[in-house]
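Could you put the whole structure together from the sequences, leaning on the hints where they help?
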Amino acid sequence: MEDIIIRMISRISVPFIMVFGFYIILHGHLTPGGSFSGGAVLGSSMILFALAFDLEEGHKKLSHKTSTLIETGGASWFVLLGLVGIYAGTGFLANKTGGFPMGVPGELVSGGMIALITLGLGLKVASTVITLFYNLIEGDSHD
Amino acid sequence: MRLILTLIFLTLISVVMVVTVIEMPTFGNPDNPTNNEVPQKYIEDAVEDTGALNVISSIIMDYRAFDTLGEATVLFVAIAAALSCLKAHS
Chain U
-1 MEDIIIRMIS RISVPFIMVF GFYIILHGHL TPGGSFSGGA VLGSSMILFA LAFDLEEGHK
59 KLSHKTSTLI ETGGASWFVL LGLVGIYAGT GFLANKTGGF PMGVPGELVS GGMIALITLG
119 LGLKVASTVI TLFYNLIEGD SHD
Chain S
1287 MRLILTLIFL TLISVVMVVT VIEMPTFGNP DNPTNNEVPQ KYIEDAVEDT GALNVISSII
1347 MDYRAFDTLG EATVLFVAIA AALSCLKAHS
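First to last, the sequence lines map onto chains U and S.
Under our numbering, the first residue of the first sequence is numbered -1, with each subsequent residue one higher.
Under our numbering, the first residue of the second sequence is numbered 1287, with each subsequent residue one higher.
I should point out that these hints are in silico values taken from the structure, not numbers from a laboratory.
Cross-link-like lysine to any residue pairs, in silico, SDA-like; alpha carbons within 20 Å at most:
#1 K59(U) / R9(U)
#2 K1373(S) / E54(U)
#3 K94(U) / L1339(S)
#4 K94(U) / D1335(S)
#5 K63(U) / S1370(S)
#6 K63(U) / F47(U)
#7 K59(U) / I7(U)
#8 K63(U) / T129(U)
#9 K94(U) / R1350(S)
#10 K58(U) / N133(U)
#11 K1373(S) / F131(U)
#12 K1373(S) / T66(U)
#13 K63(U) / I1365(S)
#14 K94(U) / I1329(S)
#15 K63(U) / A1366(S)
#16 K1373(S) / N133(U)
#17 K63(U) / E136(U)
#18 K1373(S) / I135(U)
#19 K1327(S) / T95(U)
#20 K94(U) / I1342(S)
#21 K59(U) / E136(U)
#22 K1373(S) / H57(U)
#23 K94(U) / Y1349(S)
#24 K1373(S) / T64(U)
#25 K63(U) / C1371(S)
#26 K94(U) / D1353(S)
#27 K94(U) / L1355(S)
#28 K63(U) / F1362(S)
#29 K63(U) / A1368(S)
#30 K63(U) / V1363(S)
#31 K59(U) / L49(U)
#32 K1373(S) / Y132(U)
#33 K58(U) / S42(U)
#34 K94(U) / V1333(S)
So the derived list for chain S, only partly shown, Cβ under 7 Å to chain U, looks like this:
#35 V1333
#36 A1338
#37 L1339
#38 S1343
Glycine is no exception: its CB is placed at the ideal position from the N, C-alpha and C atoms.
Structure below.
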């Protein structure tokens, strides 16, 4: 699509949407929101970028390889954090008893495992949305 | 014949559903069976147990973290199935 207005507006607004998505993800243990909603916001910012420019520009920003790496990395990160609890001698996915630092409730670095899981899962949800959109819209043109 | 059978089955199902709805406890009643000690424990102990102010986040990421791991697996399997269907012909 060759529209200068849409291109300029989305060029200005996409960074702010991404910052808002990261804010929702990183404050998942403090404010309403969390990994799934923040990941959806992050993913839709990339969808807006790919719709306003073309798909090739979107591929330059986030290739299939990076997206797949984030997708599998998010799931593996979750399981690895769960194995920390087994290493500490308690159950799978143990938070406080697994030895994660708790911090003061209400600060950004608090909640132990919750913030780490939210970060990994948010990036995974974002890459799921982006991968599904790219593959549905491009059809057979890419491998 | 087929229409009459369909109508009979639909009437039976709707009667069962309406009877179930009539038997349900009233909304917001403090004596409802869902208002037991489980949400009370979450509301009172969530901040101390998990260190997170957002109680919903502490439930889905700490108390029910295994369920969230299953959700992430469902997302992963869904995207893998969609990609294998879309790329099957290339």
